[in-house]
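Below, each chain spelled out in residue letters.
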Amino acid sequence: MRINLKLMILFSAIITISLVISTFVGFQYTEAAVIDSSLQEMKNLVSTKEKEIQTLHARASEDMIFAVKNPQFKEYFELSETKTGNVYDENEVLQFSSSQREIKDDLDKWIFHFQNKFNVDETCLIDLAGQEHTRLVFGDIAPDDDLSPEEQTAPFFAPSFKKDDGQVHIQYPYVSPDSERWVFAYVTPIVLDNKEKPAIFHFEMPLQIFQELVKIDVGRIYVVDRDGFLIADSKYEFSQIPTSLDPHEDFPPITIISESSEFENLLQEMKTNKDGFDTYTKDNEIHYITYAALPTFGWTLVYEKPYSMMLAGDTTLPNLENTIMIMTATISSIGLITVWIATTRISKPLKILARECREQNPAHLQKVAVSTKDEISEVSMALNKLIDQVNQIERQKEEFTSMVTHELKTPLTPIIGWCQILKKPKVMGELTDKQIKAIDNIHKNAKRLESLIGDVLDVQKLDLKRMSFDNLDVDVTEFMEFLYQNLQNAMEPKKIQFINSTPDTKLHLMSDKNRIEQVLNNLILNAIDFVPEKNGHIEIGAQEQEDSILFYVKDNGLGIAKDKQNNLFKKFYQVDSGLTRQHGGSGLGLTISHGIIEELKGKIWVDSEPGKGSTFYFILPKASMEKNNKEKENQE
Amino acid sequence: MKILGIDDSFAVNELLDTVLNGSGHEFKYVDSGKAGLDQIRAQKFDVVFLDLAMPEFSGVDVIHTLKEEGIIDKQKIIIFTASSATQSDISELIKLGAHSCIRKPVDIDTLLETLDKLG
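Chains A and B are the protein sequences, given in the same order. If you count by my numbering, then the first sequence holds residues 1 to 636, one letter each, in order. If you count by my numbering, then the second sequence holds residues 1 to 119, one letter each, in order.
List of simulated lysine-lysine pairs, DSSO-like, C-alpha gap at most 27 Å:
| # | chain 1 | residue 1 | chain 2 | residue 2 |
| --- | --- | --- | --- | --- |
| 1 | A | Lys-271 | A | Lys-51 |
| 2 | B | Lys-28 | A | Lys-426 |
| 3 | B | Lys-2 | A | Lys-424 |
| 4 | A | Lys-534 | A | Lys-495 |
| 5 | A | Lys-409 | B | Lys-34 |
| 6 | A | Lys-447 | B | Lys-117 |
| 7 | B | Lys-117 | A | Lys-513 |
| 8 | A | Lys-409 | A | Lys-447 |
Since the hints were made in silico from the structure, they are not lab data. Here the structure is a predicted model, which is why all the values come from computation and not from measurement.
Start from the sequences, fold in the hints, and give me the full structure.
Below you can see the structure in the form of structure tokens.
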């Protein structure tokens with residue numbers, strides 16, 4: 001896989017994992033934070049409610065205290081008739097003296113006034129004996145005969161007398177016999193100057209007031225008593241008509257909130273801890289609760305919210321979601337682009353390096369030019385070093401081969417030379433026939449050696465592309481004729497019929513005459529070898545084509561099988577190695593011819609079938625080879 | 001004819017010595033370009049066989065020097081060229097003043113023919 005892709009996939013994986021982790025962690029933290037903040041709100045709210053309730057009680061108490069500050073209360077009980085004791089008639093109705101009546105009427109009015117101003121159902125004044133002296137219910141003054149003498153049985157009676165001047169006893173809710181609903185009672189004693197407490201002043205405030213206070217829009221708030229009953233609950237419709245005097249029958253149990261044991265345990269906790277917060281599970285959702293102990297009756301004020309509500313209206317989490325998505329998109333894009341660019345900076349030089357290596361000519365290696373000042377440069381430099389070494393080795397090889405062949409060639413001159421001299425009677429004297437034969441043999445073989453060495457050198461030159469060529473005008477007709485004449489002798493031994501079919505027209509091309517001659521010689525000498533002993537036939541010729549000249553050498557020899565034709569021009573290939581080579585065949589002749597024709601920008605091929613002879617063709621462009629030679633010069 | 005041979009190969013020189021002196025010519029040889037120049041300056045030769053591939057002072061250098069000194073036309077200079085030399089290479093040297101060339105390895109018969117044609 002390409003480096004780019006690898007790294008981009010890796011990067012994507014890293015980013016994905018990081019984001020998943022950070023999202024998860026982020027959410028957890030944020031959620032925790034949101035819940036914390038929600039809880040704090042809840043606590044604040046509970047605090048506020050707590051204060052409201054305290055205020056309620058405080059106000060009620062204050063109102064009370066204020067009410068009894070009326071000096072007429074004291075006056076009434078200072079009266080000697082009052083002090084003496086209560087007077088009843090035969091119907092057990094309390095009797096008032098005229099002075100008592102006077103003050104009582106005033107007090108009634110005062111209390112009436114008081115009732116109107118505050119949330120009070122019933123107010124009454126009860127003496128030590130338990131006798132009501134005055135009572136108002138919903139503003140109605142109770143008639144004398146309705147005044148109860150047995151108030152000492154009321155639960156608030158005894159505790160109230162224990163209070164001092166300015167203190168208020170708050171009575172646990174009970175069903176008021178007068179208003180017939182659940183009420184709080186606030187009671188305070190009337191205290192005379194001599195510290196005597198002849199009576200208590202009492203009023204009842206409907207529980208409803210209290211219950212109204214315990215209301216909330218969001219979540220659920222409720223007050224629970226020590227026994228696990230709800231005194232108030234924002235989500236419960238308390239009936240205003242009591243069905244029982246027993247609060248434990250009339251008030252709902254805490255289980256209407258939740259029946260789980262978890263919640264039960266919470267209740268215990270709330271009793272011990274007074275203040276705090278906790279959670280429990282209801283309807284598969286976590287509910288958060290904050291509670292605070294109320295100052296009265298051991299009640300606990302509880303506020304609860306389900307998890308979903310804790311997060312409701314909070315924009316942090318959705319914002320967080322959005323933020324994370326935006327960040328993901330941004331980071332990913334930037335990241336991927338960066339990774340792409342970075343890897344391209346790596347992969348591009350590598351591609352260039354690869355391409356330069358691919359396009360090298362192994363015979364003539366050139367340095368690669370990649371300089372990125374990093375590890376790739378190191379590779380590049382290492383390669384160049386290698387190239388230098390290879391080039392050096394090539395040079396050494398060349399030098400070696402050149403030197404060797406040169407050294408090999410050098411003795412040939414005297415060998416051949418002396419052979420030639422020996423055959424000159426003028427110089428060397430007459431020789432015997434045997435001697436002449438010997439010399440001929442030496443000469444022939446020396447010439448053959450010369451030819452072989454020459455071939456090897458030519459092949460090397462062609463391999464290294466170091467053969468230089470003429471680019472001169474060649475008169476084809478003249479040239480072919482010249483060749484034709486030169487080779488007459490070679491046709492003698494086998495008496496081969498030799499024809500030159502080149503037309504007489506002026507054929508010219510720009511090329512290297514000597515090298516073309518070399519090729520044609522090679523082809524013709526091969527043909528001589530392969531034509532039959534008798535009736536051998538060789539035809540040479542050149543034809544004009546549009547942009548080129550087509551040369552051919554045709555023989556009626558053995559022919560070459562198709563599968564052998566592919567390898568014909570390869571080095572050292574001999575079609576039939578059994579045949580005696582008469583004309584210095586090194587197996588390189590066709591290789592050299594092929595090489596020369598290629599360098600001359602031409603093409604060489606054969607058309608042959610076994611038994612049907614062969615025709616070797618080669619085609620050369622008429623046009624100049626300026627460019628070709630210039631390239632060579634630049635190489636050297 | 002009076003012939004000078006300039007070639008660093010002793011084998012060639014020996015060969016030419018036998019052939020040429022044995023064919024009725026007057027032949028002497030030297031084995032360096034510098035020595036050859038000295039000879040040419042000192043005497044007049046009819047023909048000079050000049051090998052191109054010599055170390056230090058090559059045949060080409062000899063030709064350039066002779067041309068500069070204006071004595072290149074005093075004799076017919078026949079250069080021995082490598083078989084790989086192109087026509088262009090040869091014509092360059094002929095422009096400078098060489099007479100003709102013989103390809104190496106030197107063929108004695110060709111050499112003698114050339115001399116006959118000159119004579």
